[in-house]
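S.K.: Order-wise, the sequence lines are chains A and B.
All residue numbers for the first sequence refer to this note's numbering, where the first residue is 1 and numbers rise by one.
All residue numbers for the second sequence refer to this note's numbering, where the first residue is 279 and numbers rise by one.
Quick caveat, the hints were computed from the structure, so don't treat them as lab data.
Fair warning: this is a prediction, and the values are worked out from it, not measured in the lab.
Errors might be hidden in some of the hints.
Among chain A residues calculated to face chain B with C-beta under 8 Å, some are [as the list claims (entries may be wrong)]:
no.	residue
1	Pro-87
2	Phe-99
3	Gly-117
4	Gly-155
5	Ala-169
6	Leu-198
7	Lys-201
Chain A side only, calculated, beta carbon under 10 Å to chain B, not exhaustive [said to hold, decoys possible]:
no.	residue
8	Pro-106
9	Gly-126
10	Tyr-149
11	Arg-188
Don't be surprised by glycine CBs; every beta carbon is placed ideally from N, CA and C.
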Amino acid sequence: MTTTTEPRVPEASPSAPLISVRDLSVAYDVARTGKRLIAIEGVDLDVHEGEFVTVLGPSGCGKTTFMNVVAGLVKPSTGTVLVDGSPVTGPGPDRAVVFQDYALLPWRTVFDNVKFGLEMQKELRGDGWRDRVQEAIELVGLAGFESSYPRELSGGMQQRVGLARAFVAEPRILLMDEPLGAVDALTREVMRDEIDKLIQKTGKTVLFITHSIEEAILLGDRIVVFKSHPGAIKEVIETGLERPRSERSVQHDPRFLELRDHLWDALQGEATAAAVSK
Amino acid sequence: MSAFLASGPNLGRGGGVAAWLAGLSPAGKAGVLAAEVVVMLLVWQVVVGVLGWINPVFLPPPTAIWQGFVQLVASGVLWPNLLISLQAWLIGFVIAAVIAIPLGLLMGTSLPVDRVVGPIAWTIYATPSIAYQPLAKAWFGFGIGPVVFLVAISALFPILLNVAAGMRTTNASIIRAGRVYGATRMQLYRSVYLPSTVPFLFAGLRQAVVLATIGMVVAELSGSAIGMGALIIKSVNTYQTGQAYAAIAIVMLWSVGMAQLVTLVERWVAPWTRKGRR
Numbered sequence: 001m002t003t004t005t006e007p008r009v010p011e012a013s014p015s016a017p018l019i020s021v022r023d024l025s026v027a028y029d030v031a032r033t034g035k036r037l038i039a040i041e042g043v044d045l046d047v048h049e050g051e052f053v054t055v056l057g058p059s060g061c062g063k064t065t066f067m068n069v070v071a072g073l074v075k076p077s078t079g080t081v082l083v084d085g086s087p088v089t090g091p092g093p094d095r096a097v098v099f100q101d102y103a104l105l106p107w108r109t110v111f112d113n114v115k116f117g118l119e120m121q122k123e124l125r126g127d128g129w130r131d132r133v134q135e136a137i138e139l140v141g142l143a144g145f146e147s148s149y150p151r152e153l154s155g156g157m158q159q160r161v162g163l164a165r166a167f168v169a170e171p172r173i174l175l176m177d178e179p180l181g182a183v184d185a186l187t188r189e190v191m192r193d194e195i196d197k198l199i200q201k202t203g204k205t206v207l208f209i210t211h212s213i214e215e216a217i218l219l220g221d222r223i224v225v226f227k228s229h230p231g232a233i234k235e236v237i238e239t240g241l242e243r244p245r246s247e248r249s250v251q252h253d254p255r256f257l258e259l260r261d262h263l264w265d266a267l268q269g270e271a272t273a274a275a276v277s278k
Numbered sequence: 279m280s281a282f283l284a285s286g287p288n289l290g291r292g293g294g295v296a297a298w299l300a301g302l303s304p305a306g307k308a309g310v311l312a313a314e315v316v317v318m319l320l321v322w323q324v325v326v327g328v329l330g331w332i333n334p335v336f337l338p339p340p341t342a343i344w345q346g347f348v349q350l351v352a353s354g355v356l357w358p359n360l361l362i363s364l365q366a367w368l369i370g371f372v373i374a375a376v377i378a379i380p381l382g383l384l385m386g387t388s389l390p391v392d393r394v395v396g397p398i399a400w401t402i403y404a405t406p407s408i409a410y411q412p413l414a415k416a417w418f419g420f421g422i423g424p425v426v427f428l429v430a431i432s433a434l435f436p437i438l439l440n441v442a443a444g445m446r447t448t449n450a451s452i453i454r455a456g457r458v459y460g461a462t463r464m465q466l467y468r469s470v471y472l473p474s475t476v477p478f479l480f481a482g483l484r485q486a487v488v489l490a491t492i493g494m495v496v497a498e499l500s501g502s503a504i505g506m507g508a509l510i511i512k513s514v515n516t517y518q519t520g521q522a523y524a525a526i527a528i529v530m531l532w533s534v535g536m537a538q539l540v541t542l543v544e545r546w547v548a549p550w551t552r553k554g555r556r
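Chain A with its partners taken away, still in its complex shape (with noise of 0.2 Å):
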């Protein structure tokens, strides 16, 4: 640990964060029940410009619903969410989402899909951009592959698919609700190097939610971890590792291990108490 790459600390940036959550919660009346379901409580996270914050936790911790207010999909029901100092209202072209199940148009080839962000927020005036469209496929490994529909697409590119998308509508920040969740194994460690490169080069701001310890790991420059019931921060953690890097790289750090185990040993007792909870 004795190079760290440039602008990525945030404590060393004196500049006000882009993403500043205070005292978020949300909670939903549960019609069938009757009953009140607190979602999250209690949230509070500062996420500076450039910086790529994972967000970690069991399936049902409520990171989903973070990320979905942070986008201005859900209305919080106590708090306030800044970004770049203007509270959200709801969503903006300053933020795009790219999901877990891609969300992709059928009925919409690959060139089509990807100009949809842009067509939504009535960008398409002249001719610029079919070159946008264009260079964010290209950006994203899919030349060649314009005019095919998602359908004929394995899970893995309909992803980069996804990313297109949300890349070509140039968004300062990129919310990513575990886009490598269902892509499997083989395409999912390649396609995390690649979200690792763009992020890299392109400097965006990014909130990932995993539930996967080791991309947490190698994509964060900081862990948020959830605990559920109800979903709250339980802490936060500089990875602190150098880049770029791969899962060959780092398996033998001994940071890499340590944080490993210490994210292994925080998320079993969460997934424990969640299972004895239900």
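Position chain B relative to chain A; hints supplied.
M.R.: For chain B alone, kept in the frame of chain A given last:
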């Protein structure tokens, strides 16, 4: 005829005939179907025509049915009956589609409309169309009117209910993706809800074709002087069962042909639904 061959999950394991059938090209599948028809006609001919196991007045052999067809054409009886039936079918089907598609879209969009129209629609759909036949005669007299009515009421509900279901089952994840990129309600409607309803619309139209043909024949079976249903009854009453079966075969071919036409239009309008290999 691919619409009539199984395309669902193949639960049989391994190979043999099932694997061979599954691997056939469209031309190969058509060949298998043609062979099946030829074998069936041959067996039929031998059992009834050659061996005489069944009284041909009840079940004439294929050659007698062909003779019946030739007689119907030569005597000039077929065309006026066929034309009046197809006219009633087409008018009734268009009326059904024109009412069902917009109403289905409205039902799928608005919960109050769904709650009001839905139960009534299901009740009428669940009633056998033959029950309306005497009433239709009373309401619309003895011309084409009652036939159009029975065709329309038979075709209306499968279209209506499928379109409504298509709207309601639009993938929530795709809707979220639209919202993330700031889609307006109109944009969501046009770019997400409508295209995702298209396969349901065509499924409804295919069912409607079959039910419309049933409605047509039922309407013409009694109290009608003209039409394919009337022709069937007249032929049976005069013991010309060859002609009766020829008339039934023509109705069957119309029904199958229109269902195929719907499938062809679907492939053209909605190429993404085509079942292809990866």
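S.K.: Each hint: holds or not?
M.R.: Status of each hint after checking the structure:
Against a cut-off of 8 Å between C-beta atoms, the interface hint on Pro-87 (chain A) is violated, since the closest Cβ of chain B lies about 17 Å away. The interface hint given for Phe-99 (chain A) is met, as the beta carbon of that residue sits about 6 Å from the closest beta carbon of chain B, less than 8 Å. With its C-beta approaching chain B no nearer than about 4 Å, Gly-117 (chain A) sits inside the 8 Å limit, and its interface hint holds. Given the 8 Å rule on beta carbons, the hint for Gly-155 (chain A) is violated: about 11 Å separates it from the nearest Cβ of chain B.
For Ala-169 (chain A), the interface hint holds, the least distance from its beta-carbon to any beta-carbon of chain B being 7 Å, beneath 8 Å. Of the supplied interface hints, the one on Leu-198 (chain A) is violated, with its beta-carbon coming no nearer than about 19 Å to a beta-carbon of chain B, more than 8 Å. At about 23 Å, the closest approach between the beta carbon of Lys-201 (chain A) and any beta carbon in chain B exceeds 8 Å, and the interface hint on this residue is violated. With a cut of 10 Å, the hint placing Pro-106 (chain A) at the interface with chain B holds, because the nearest CB-to-CB distance is about 5 Å.
The beta carbon of Gly-126 (chain A) is not positioned within 10 Å of any beta carbon in chain B (closest approach about 18 Å), and the interface hint is therefore violated. The interface hint given for Tyr-149 (chain A) is met, as the beta carbon of that residue sits about 5 Å from the closest beta carbon of chain B, less than 10 Å. Among the interface hints, the one on Arg-188 (chain A) is violated; its C-beta lies about 19 Å from the nearest C-beta in chain B, farther than the 10 Å criterion.
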